[in-house]
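Visitor: Sequence:
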Amino acid sequence: MISFFILVLCLRLLLKREEELKGFLLSLRLTLLGDLKMAAREQKKTEGGFTLIELLVVATIIGILTALVVPNLLKARISSNEANARKLLQTLRDAEYEYFEQDLNGNGVRDFTNLIGSSGVEDSLRDPRGTGDEEDALIDSTFEDAVVNDGDTANEANCPAPKAGYCVGWSGDVGSDPLSLQGDFGWEASMISAHTVGRKDFSIFADKVIKCTVTSQPSGSPGQFESTRSDPDCGG
Numbered sequence: 001m002i003s004f005f006i007l008v009l010c011l012r013l014l015l016k017r018e019e020e021l022k023g024f025l026l027s028l029r030l031t032l033l034g035d036l037k038m039a040a041r042e043q044k045k046t047e048g049g050f051t052l053i054e055l056l057v058v059a060t061i062i063g064i065l066t067a068l069v070v071p072n073l074l075k076a077r078i079s080s081n082e083a084n085a086r087k088l089l090q091t092l093r094d095a096e097y098e099y100f101e102q103d104l105n106g107n108g109v110r111d112f113t114n115l116i117g118s119s120g121v122e123d124s125l126r127d128p129r130g131t132g133d134e135e136d137a138l139i140d141s142t143f144e145d146a147v148v149n150d151g152d153t154a155n156e157a158n159c160p161a162p163k164a165g166y167c168v169g170w171s172g173d174v175g176s177d178p179l180s181l182q183g184d185f186g187w188e189a190s191m192i193s194a195h196t197v198g199r200k201d202f203s204i205f206a207d208k209v210i211k212c213t214v215t216s217q218p219s220g221s222p223g224q225f226e227s228t229r230s231d232p233d234c235g236g
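Once you know that position 204 of the sequence shown is 204 in the working numbering, the rest is easy, because the numbers rise by one and skip nothing.
Calculated from the structure, these hints are not laboratory results. Predicted, not measured: the structure shown is a model, and the values here were computed from it. Please note: incorrect hints may appear among the correct ones.
[What the hints assert, rightly or not] Simulated pairs of lysine to any residue, SDA-like, Cα-Cα distance not exceeding 20 Å: (1) K208 with C234; (2) K208 with Q182; (3) K87 with K208; (4) K163 with D150; (5) K163 with D184; (6) K87 with G63; (7) K163 with E144; (8) K208 with E54; (9) K75 with V214; (10) K208 with G172; (11) K75 with T228; (12) K163 with T153; (13) K87 with A161; (14) K75 with T213; (15) K87 with Q182; (16) K208 with T196; (17) K208 with G63; (18) K208 with D233; (19) K163 with R93; (20) K163 with T213; (21) K87 with D233; (22) K208 with E98; (23) K75 with G63; (24) K87 with S141; (25) K208 with D184; (26) K75 with K87; (27) K208 with L115; (28) K87 with T228; (29) K75 with S221; (30) K208 with R110; (31) K208 with S221.
Use the sequences and the hints to build the structure in full.
Guide: Put into structure tokens, the structure is as follows:
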């Protein structure tokens, strides 16, 4: 049983990721089974093996370790996803202002855009002039499958390829008509699974300040893009 206690002492030093936890627990179980089988063979010669109580104690210790470590790793994962969601909005903010300041769509008017778009789609962040040239893109192609209802208001976080568990969408706080886009933009980020992927919805507007609010959705449900410009500042 010496190897069991060594593994327990190394737990906090070695485990930093959820994947490592799974590997650790599997290794721990296999090690325990190996130790128990070896000890059982030795005791079988004398006392007849481990008692049921001894086996239950070992199983209880494993259960306690799992209960203590898994929630902390889940919190760390959520924090990481939320940090990435803020970075998504920072990227969109910077792209919008480059599009605005340099009149990248070439229409002679400084305005923002409500389109993520794709290659060949003009007036979009992916291809402002519609040239199909990737060098003109203000954001990378991964945004194409992370956007919900591109060009219109997003309602539910259901996108083909979320970025760190979050989808992005145009905010209902901002109009999509040409006049509105001359003075404002609004992007939101919402999680695909509430309280398991993330706890907060985020938004950003032309004031460049990221806002956030805790989702009201039950655990496991898709986010509903609940953040608005009246929410408190959320860093970034």
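Visitor: None of the hints should be skipped; say for each whether it holds.
Guide: Now for the hints, and whether the structure bears them out:
1. K208 with C234: holds (11 Å)
2. K208 with Q182: holds (15 Å)
3. K87 with K208: The hint holds at about 13 Å.
4. K163 with D150: holds (16 Å)
5. K163 with D184: Violated - the C-alpha atoms of D184 and K163 are around 24 Å apart, more than 20 Å.
6. K87 with G63: Between K87 and G63 the Cα gap is close to 36 Å, so the pair fails against 20 Å, i.e. violated.
7. K163 with E144: holds (11 Å)
8. K208 with E54: Judged against 20 Å, a Cα distance of about 60 Å means the pair is violated.
9. K75 with V214: holds (15 Å)
10. K208 with G172: holds (17 Å)
11. K75 with T228: Given that 20 Å is the threshold and the Cα spacing comes to 24 Å, the pair is violated.
12. K163 with T153: Between K163 and T153 the Cα gap is close to 19 Å, so the pair holds against 20 Å.
13. K87 with A161: Holds - the C-alpha atoms of A161 and K87 are around 17 Å apart, at most 20 Å.
14. K75 with T213: Given pair K75, T213 holds - Cα atoms ~17 Å apart, limit 20 Å.
15. K87 with Q182: violated (24 Å)
16. K208 with T196: violated (28 Å)
17. K208 with G63: violated (46 Å)
18. K208 with D233: holds (10 Å)
19. K163 with R93: Answer holds: K163 to R93 is near 16 Å, not above 20 Å.
20. K163 with T213: holds (19 Å)
21. K87 with D233: holds (14 Å)
22. K208 with E98: holds (13 Å)
23. K75 with G63: Measuring from Cα to Cα gives roughly 19 Å; hence the hint holds.
24. K87 with S141: holds (16 Å)
25. K208 with D184: holds (10 Å)
26. K75 with K87: holds (19 Å)
27. K208 with L115: Status holds; Cα separation ~18 Å.
28. K87 with T228: Judged against 20 Å, a Cα distance of about 17 Å means the pair holds.
29. K75 with S221: holds (18 Å)
30. K208 with R110: holds (17 Å)
31. K208 with S221: violated (29 Å)
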